[in-house]
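Peer 1: Protein sequences appear in the order of chains F and E. This note's numbering applies: residue 1 is where the first sequence begins, and numbers increase by one. This note's numbering applies: residue 1001 is where the second sequence begins, and numbers increase by one.
Incorrect hints may have been included.
Rough simulated footprint, nothing fancy, chain F against chain E, three-plus residues with beta-carbon under 8 Å [as the list claims (entries may be wrong)]: (1) 1002-1010; (2) 1022-1035.
Restraint-style ranges between C-beta atoms, simulated for each label pair [said to hold, decoys possible]: (3) F:Asp-182 x E:Asp-1024: 35 to 43 Å; (4) F:Arg-256 x E:Pro-1011: 35 to 43 Å; (5) E:His-1042 x F:Arg-256: 31 to 39 Å; (6) E:Leu-1027 x F:Thr-274: 43 to 51 Å; (7) E:Asp-1024 x F:Ala-220: 33 to 41 Å.
To be clear, the hints were calculated from the coordinates, so they are not data collected in a lab. Everything numeric in this text was worked out from a predicted model, so none of it was measured. Glycine is no exception: its CB is placed at the ideal position from the N, C-alpha and C atoms.
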Amino acid sequence: MTVLILTCEEDVTADMVVVHLNATGVPVVRLDPADLTDGVALSGEYVHGGFRGHLSAGGRLVGISGLRSIWVRRPGTPAARAPVPSDWLTEESSQALYGMLRGSDARWMNHPDAARRARHKPWQLRLAQRCGLPVPATIVTTFPQAAREFAERYPDLVVKPVSGAHPQDPPRAVPTSRVAPDTDFAAVAFGPTLLQRRVAKRADIRLTAVGETLLAARKATGADDEVDVRFAPSTSPWQPVDVPPRVAAAVRDYLRAAELAYGAFDFAEDGDGTWWFLECNQSGQFGFVEVETGQPIARSIAEWLSRPGPDPRPRANGADTAVS
Amino acid sequence: MQPFALNYARPAATLEATTPYVYDSGLQLNVLMDGRVAARDHALMRELGTTTSTAGSKTHFDD
């Protein structure tokens, strides 16, 4: 049984996992959907009540029924590098590839439907609340007056993108930023705005969850005023830290409810030691934590991907493959 | 008419460093010029920052 990895060639973080899979002799097929139809090929037949499908990449051929797991890491846009790319060809290729894979019995890290839902940050906040994780007071609004009133209640605020995405025309980054007390909120009317009570943090926490395995790392906050750890000067290293039992239980509840096999949780640790939930990136980077802490994240992912696939689902009609 | 959050935007950082490895489709791994597997060299990975969480990613939501 083969592990299928969907990612781009330059994804050296995925390499960290492939190394472990190779060491244990688990077959791997790695491909980038962007290379459909030039370098990656597919075929699937639905006949006699059953399905037989194959993928080909880099001279390797794998049957879709022979997949034990599918790791969606950093896949490119389907057919983006086709000889004559187009939006239409991308949609055709996406539907063909992911449509066939959705019909397999392989285990996903993470399933595209779960991943799509899990990217919604407002949804993340609500799920975190329901799981018992502390969430800083937050408002998402297009009402300037609502923003003003929220700022009166919580004078020390940060602003961050609702989607986590960044504008590309021109390319800009929108880091989590402090909002001055005398800020004019009129522009809130021109786009949904996420304002959140700033946590006076003494450390950033990155908790990487791989199935039931939880690996947390802590980075002490520097003296500068940078709120967003991704933009802060790297003064103190990431260091392994134990996960408080209540946090661990809540994180596992979150993953189960979100139907995620992998999640990279960001917390802010305040002066009392409370971990405040900020977000959960369903495909968050992990390499930078592993190289600094030595935590076995890549190995944990490889082990999760290597487990045998589930037993074939019960069939109502005796067909050899069910479609969900 | 600029959305509020864009008042806090800054130019996206460009990754200027060229990676000293190339993808080997036979191995399904990136290899260094001397043939070693890049992912085994954690010191190099740390130096290049290619595994780092970076805001402003062009192609992915999740950093």
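Peer 1: If a hint holds in the structure, say so; if it doesn't, say that too.
Peer 2: Now the hints, each set against the structure:
1. 1002-1010: holds (count 9)
2. 1022-1035: Coverage by chain F holds for the region 1022-1035 of chain E (6 residues, Cβ < 8 Å).
3. F:Asp-182 x E:Asp-1024: 35 to 43 Å: violated, 57 Å
4. F:Arg-256 x E:Pro-1011: 35 to 43 Å: holds, 40 Å
5. E:His-1042 x F:Arg-256: 31 to 39 Å: At 32 Å between Cβs, range holds.
6. E:Leu-1027 x F:Thr-274: 43 to 51 Å: holds, 45 Å
7. E:Asp-1024 x F:Ala-220: 33 to 41 Å: holds, 39 Å
Violated hints amount to a single one, hint 3; each of the other numbered hints is respected by the structure.
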